[in-house]
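Novice: Chains as they are written, first to last, in my numbering: chain A, 1 to 260; chain B, 1 to 334.
Just so you know, the hints here were simulated from the structure itself, not pulled from any lab data.
Residues from chain A that keep clear of chain B, each with C-beta distances beyond 10 Å, as calculated:
| # | residue |
| --- | --- |
| 1 | ASN19 |
| 2 | THR29 |
| 3 | SER55 |
| 4 | GLU164 |
| 5 | ASP170 |
| 6 | TYR203 |
| 7 | ASP205 |
| 8 | ALA228 |
| 9 | THR231 |
| 10 | HIS236 |
| 11 | LEU249 |
| 12 | THR260 |
Derived CB-CB ranges, DEER-like:
| # | chain 1 | residue 1 | chain 2 | residue 2 | range |
| --- | --- | --- | --- | --- | --- |
| 13 | A | ASP51 | B | ILE319 | 40 to 50 Å |
| 14 | B | ARG329 | A | GLY142 | 26 to 36 Å |
| 15 | A | SER129 | B | PRO273 | 22 to 32 Å |
Just so you know, even glycine gets a beta-carbon here, dropped at the ideal spot from N, CA and C.
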Amino acid sequence: MRVQIKDVSYVVARHSLVNGISFDVPSGTMTAVIGPNGAGKSTLLHLLSGDIVPSEGSIWYESEALSTISLERRAKLRGFLDATREPDIAFTVEQVVAMGRFPHRFDPRTQGDTDKEAIEDAIEALDLSELRTRQVRSLSGGEQQRVAIARVFAQRSQLVLLDEPTTALDIGHQATVMAHIEHLPAQGRSVIAVLHDLNMAAYFDNVLLLRKGSIVASGAPSDVLTSADLTRAYGHPIDVAEHPSSGGLLILPRRTVPPT
Amino acid sequence: MTSTQRSRATRWFAAGSVSLVATFGLSLAVGAVNIPIAEVLTWATGGLPDESLSGRVLSGVRLPRSLAAVAVGAMLAVAGTSLQGIQRTPVVDAHLMGISGASGLGVAIGYAIAPTGASSQFAVILGALAGAGYGLVTRRFAAATSGSIVGVLVGIGAGLALMAWTGLFVLLVDSANVPTLSFFIFGSLSGVSWPLVAAAAPLVALSIALLWWLGPGLDLLALGERASIHLGFDTHRRVPLALAAIGVGVGASVALGGVIGFVGLIVPLVIRPMLGSISRITIPASAIAGAIVVLVFDTVARTLAAPIEIPIGLLTAAIGGPVLVWLVRRETVR
Chain A
1 MRVQIKDVSY VVARHSLVNG ISFDVPSGTM TAVIGPNGAG KSTLLHLLSG
51 DIVPSEGSIW YESEALSTIS LERRAKLRGF LDATREPDIA FTVEQVVAMG
101 RFPHRFDPRT QGDTDKEAIE DAIEALDLSE LRTRQVRSLS GGEQQRVAIA
151 RVFAQRSQLV LLDEPTTALD IGHQATVMAH IEHLPAQGRS VIAVLHDLNM
201 AAYFDNVLLL RKGSIVASGA PSDVLTSADL TRAYGHPIDV AEHPSSGGLL
251 ILPRRTVPPT
Chain B
1 MTSTQRSRAT RWFAAGSVSL VATFGLSLAV GAVNIPIAEV LTWATGGLPD
51 ESLSGRVLSG VRLPRSLAAV AVGAMLAVAG TSLQGIQRTP VVDAHLMGIS
101 GASGLGVAIG YAIAPTGASS QFAVILGALA GAGYGLVTRR FAAATSGSIV
151 GVLVGIGAGL ALMAWTGLFV LLVDSANVPT LSFFIFGSLS GVSWPLVAAA
201 APLVALSIAL LWWLGPGLDL LALGERASIH LGFDTHRRVP LALAAIGVGV
251 GASVALGGVI GFVGLIVPLV IRPMLGSISR ITIPASAIAG AIVVLVFDTV
301 ARTLAAPIEI PIGLLTAAIG GPVLVWLVRR ETVR
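Make the full structure from the sequences, and use the hints.
Specialist: Here it is in structure tokens:
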């Protein structure tokens with residue numbers, strides 16, 4: 001699904017959190033949103049989800065203005081992995097993943113074939129088979145995060161919004177989750193993800209570097225993920241090198257010695 | 001749901017249904033006058049003339065009362081299950097939220113202002129309106145205290161105040177049409193009549209049906225309100241609808257049996273470990289279990305000290321009170 005953001009601003013208490021942003025997410029592409037704390041990354045994601053309404057400008061899903069799409073239909077079009085999640089869930093892993101099918105009028109007792117397939121695929125993708133009958137509240141933070149991602153995957157929406165999808169995950173699961181996210185565009189689905197790990201951003205088609213609610217740089221990873229731009233945006237020296245095995249980008253903050 | 005979970009649920013519903021029918025039959029047979037089960041069965045199949053003593057007791061007194069017990073038990077348990085989902089804590093039911101108290105005031109006013117011959121209908125309708133109104137008023141507050149037991153404290157406070165106002169109203173109005181104060185504090189099914197059952201049962205059925213329909217959406221609330229909205233569940237409209245449905249059903253049940261506590265607290269506590277938390281399962285299961293519980297308690301209430309009737313709420317509170325203490329301890333001391 002193609003998503004367009006046209007001159008969007010979002011103002012709270014006369015403070016502009018998002019400042020006249022425009023960009024285009026073509027169907028079946030992955031866009032990473034990066035930037036320092038307070039850059040407006042999560043706010044942008046909530047605007048794209050329809051949780052909050054732009055003070056100015058408009059957001060389009062294909063040829064429909066997001067503001068005209070009902071809450072029920074939005075749930076069919078876009079999935080959202082929120083950064084804040086409820087830990088005390090007295091449902092099993094399988095039941096929570098199945099909740100991702102709710103927008104498709106899913107009844108937990110009678111699962112259609114598509115529902116079953118979507119649920120099973122998501123459970124397998126997030127490596128949750130062994131945990132499926134466990135109550136979610138009994139899981140670790142990283143495991144709970146995988147359940148939340150599986151629920152969003154099971155929703156099978158055309159647009160997938162992810163707020164820091166890999167933050168709580170161990171390095172092995174980071175890699176597998178990333179591989180499954182990379183697989184989504186092949187199904188015509190678009191991904192927009194807020195990332196803190198800049199090395200993950202290198203896998204995306206497009207990168208949006210935000211600072212103070214505005215776009216500092218945007219384009220292909222090799223154009224945006226430069227030492228100069230990142231250093232300016234994050235206010236700390238950041239080195240970009242060639243990855244020794246993949247030949248991709250390797251991004252590391254430069255170690256600074258604390259003043260004695 | 002896995003196949004083992006499904007077969008466990010199937011077995012549970014089979015056993016539950018059989019128990020409900022057996023308890024219902026027993027509640028018809030046992031009382032101030034014991035009627036042999038064989039005679040109850042003859043009556044049930046139309047073989048006993050309505051003019052006979054047993055026939056008159058069964059048709060005129062015990063059948064409406066047992067049906068009322070089923071409606072009250074099912075409603076209180078379903079209300080408890082749904083409220084616990086909405087509030088995301090096991091320490092809540094319609095009584096602790098103050099919904100029963102509000103309904104009690106509505107029922108008392110309904111009886112007081114009813115024209116001759118329409119007291120049942122007035123009691124049920126005002127009870128339902130008061131319950132629904134209270135449910136809607138608590139919505140904002142309920143959302144703010146979701147996930148904690150602080151809401152229960154406020155609910156208990158509001159419930160006690162409403163009960164006191166009901167008591168003052170009952171004493172000051174001093175009308176023969178209004179039930180006794182005990183009815184509004186500890187409940188009783190002794191005043192049940194056919195017109196009352198006919199007026200209340202449809203509202204109870206409607207309420208349970210609505211909550212069943214809303215069930216899958218209410219389950220999403222466990223993920224948090226925003227995640228529920230992301231999944232297309234309009235919490236701003238659906239949660240008030242659920243609270244209003246609970247108020248209507250509880251109001252009708254209070255008109256039938258007065259204010260009976262703890263049924264909605266205890267039944268889900270027993271159901272969840274066996275059947276999980278999915279509403280489409282817990283709601284019908286709670287309805288069956290709640291009906292059995294109130295049938296049993298009502299039968300005990302009218303036979304234990306016969307001919308004196310023990311208010312049913314005394315019995316449910318005698319057991320439910322300690323359970324509440326244990327539950328709060330479990331939820332707060334981890």
